[in-house]
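Student: So the protein lines, in turn, are chains C and S.
Going by the numbering used here, the first residue of the first sequence is number 1, and it counts up by one from there.
Going by the numbering used here, the first residue of the second sequence is number 1, and it counts up by one from there.
Hints in this document: simulated from the structure, not taken from any laboratory.
Beta carbons: idealized from backbone N, C-alpha and C, even for Gly.
Incorrect hints may appear among the rest.
[As the list claims (entries may be wrong)] Across the chosen pairs, the derived CB separations fall in these ranges:
hint, chain 1, residue 1, chain 2, residue 2, range
1, S, 283, C, 228, 40 to 46 angstroms
2, C, 262, S, 18, 39 to 45 angstroms
3, C, 309, S, 91, 31 to 37 angstroms
4, S, 266, C, 196, 43 to 49 angstroms
Number of protein chains: 2
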Amino acid sequence: LEGIASPEEITIVLWGLGAMGSELAKLIMEKKWIRIVGALEKRPEHLGKDLGEALGLGKNLGVVVSNDPETVLRDTRPDVVLIATSSFVDRVYPQITQAMEHGANVITTAEEMVYPWTKWPDVSTKIDRIAKEHKVTVLGTGVNPGFVLDTLVIVLTAVCAEVYEITAVRINDLSPYGPSVLRSQGVGISPSAFEEGVRQGTIVGHVGFTESISMICARLGLKLDRIEESREPIISKTHRETPYVKVSPGNVAGCKQIARGYVNGKPFITLEHPQQVHPESENVKTGDFISINGRPSINLSIEPEIAGGIATAAIAVNMIPTVVNASPGLATMASLPIPAAVLGDISRTVSRTKPL
Amino acid sequence: LEGIASPEEITIVLWGLGAMGSELAKLIMEKKWIRIVGALEKRPEHLGKDLGEALGLGKNLGVVVSNDPETVLRDTRPDVVLIATSSFVDRVYPQITQAMEHGANVITTAEEMVYPWTKWPDVSTKIDRIAKEHKVTVLGTGVNPGFVLDTLVIVLTAVCAEVYEITAVRINDLSPYGPSVLRSQGVGISPSAFEEGVRQGTIVGHVGFTESISMICARLGLKLDRIEESREPIISKTHRETPYVKVSPGNVAGCKQIARGYVNGKPFITLEHPQQVHPESENVKTGDFISINGRPSINLSIEPEIAGGIATAAIAVNMIPTVVNASPGLATMASLPIPAAVLGDISRTVSRTKPL
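Pulled out of the complex, with its shape left as it was, chain C reads as follows (with noise of 0.2 angstroms):
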């Protein structure tokens, strides 16, 4: 049973159990040396179940889904808490406090945590110093940000001895999606009803831009100026569906987002992030791309694109033992040690002592 932990494994309570929180609690049950000891949901659907109904599995697991994250955290004391709640920093920020609180670790899919320091500096400061209060150590990751447009980035700059400019295209299909994201994304709508969203926030695309770009500039020992953002509908030529939404000919496929980081006046990073559903319905490919203008120059392709859910779910489960080992504090990908998939059994060679 999940809930009954061996000395030498891991103990993780998973905090929000949505898309994102369903498929980490998959992956965590197939690796032996983790182990999910506490499950947290406020919707109140879940309560009470156990975890394994909650998730469909059609097994119980021995841990019971609460919203009680005080009696939770007292009771199961785990060495990390995985937090999959909300992308945003403001929300996240008293759930990765209470973990801390608890001498908990934390890692956090939540986008803006991958570098908050840029939108969030104070809450930013106040998180690094509880974390070092309580010798824990506060990571955000994910495929992006967390990887492909920021932390791929950074370490293919390490063979370069000058870099002039870089350039960094996900493209990416979003047929598998549900109706939240498509709906934050305009999908279906009409162009003017996408210009409207973007004025009233609420077609949001992707978040993530300014943390990739300041984790980049920061860790490459740049000051960036500013960064301008821009969201653009795809108008769609052809007819597009998915279980959730239609698009007409005319209406929006998708979200075109596009965001430059300005260092010394000049623009220095120029992320491009096009999502929509069934690209593949006008030919464009999908695939991650690379390009830093430097010495030497780099050109990196990545066809189809790292697949999105299970690639951030992976993520933040291999850098369990990183952030278990790191020094305390809010740590981000680009100041821990290098990323990597865990394979083997590494519960014994984790330290639970952190350095300094």
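Keeping the supplied structure of chain C fixed, place chain S upon it in accordance with the hints.
Tutor: Chain S alone, transformed into the frame defined by chain C:
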């Protein structure tokens, strides 16, 4: 002048003024945050000359080339010694030790030092112990081994929930290289002379497969059973020519080297590195290719391949601040924070007090 460092600059002694040492020297001179305070080379033609003259720069740098490491290390007390004298651990080990005993961190481009634990476990243990005694850090790095076929592979696996098998291929062009590299790859000779050279050990090919495969397995938490390695001649169908070699049709254009790392009795990592002069003459496209069969699978291409010489110099220089700040001991690219280009003036942010 190079020889006089401000208190904020990281000071470097460069050991070895061959092709790589010269590339390193020129790169360091471009950077404001590091300064060469000593240069060591045993070849007599450079001895007693100013480093600028030895490098053919037509100006003096205020650093005299010496063959007396003891005096140079004692008088200059560098933060880091950069060693580019040999590919092999038994050759660089005494130099590394001498540098450590003078309190210097070490970065070397010696291929076997990228992950010396497999071929040289006792020497590795000794280096690690001496490094900790003197509170310094030792790192081997380069474009390959050190980056393309190991560090980059490791980083990519971070978004994988499972990795079933890894294949990585680096196809490059030997045309820019000089006679010693061409000879070690068997370029220009007959197929039978090639076979004989492989038997005699004069055709070494690429040094680094054992190191790359071992480092990947170590970081992923897998126990490596064994490595199989082969070297095959690339027989030319065309006439190929460089300033240093002529290849007739039927003779050897280069060396195709393959290594396979086995885990649980099955091939887990295959690395291929076909190196030849003028691959374009038979429509072979150069590039770096990484294919991970996993969940998700990842197919990465970098075309053309990351340029060799400058990339090795760049990563060695870019790792300097990380090594200066790292915990003492024998480090690897897989144990240190993610690498990155150093673009700003980072000297102020480098702490010379080592953690733990």
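Student: Does each hint fit the structure? Answer for all of them.
Tutor: Now for the hints, and whether the structure bears them out:
1. S:283 - C:228: 40 to 46 angstroms: holds, 43 angstroms
2. C:262 - S:18: 39 to 45 angstroms: Between residue 262 of chain C and residue 18 of chain S, where Cβ atoms are some 41 angstroms apart, the hint holds.
3. C:309 - S:91: 31 to 37 angstroms: The hint (31 to 37 angstroms, Cβ to Cβ) is violated, given that residue 309 of chain C and residue 91 of chain S are roughly 49 angstroms apart.
4. S:266 - C:196: 43 to 49 angstroms: For residue 266 of chain S and residue 196 of chain C the Cβ distance comes to about 57 angstroms; the hint is violated.
Checked against the numbered hints given earlier, the structure breaks hints 3, 4 and satisfies all the rest.
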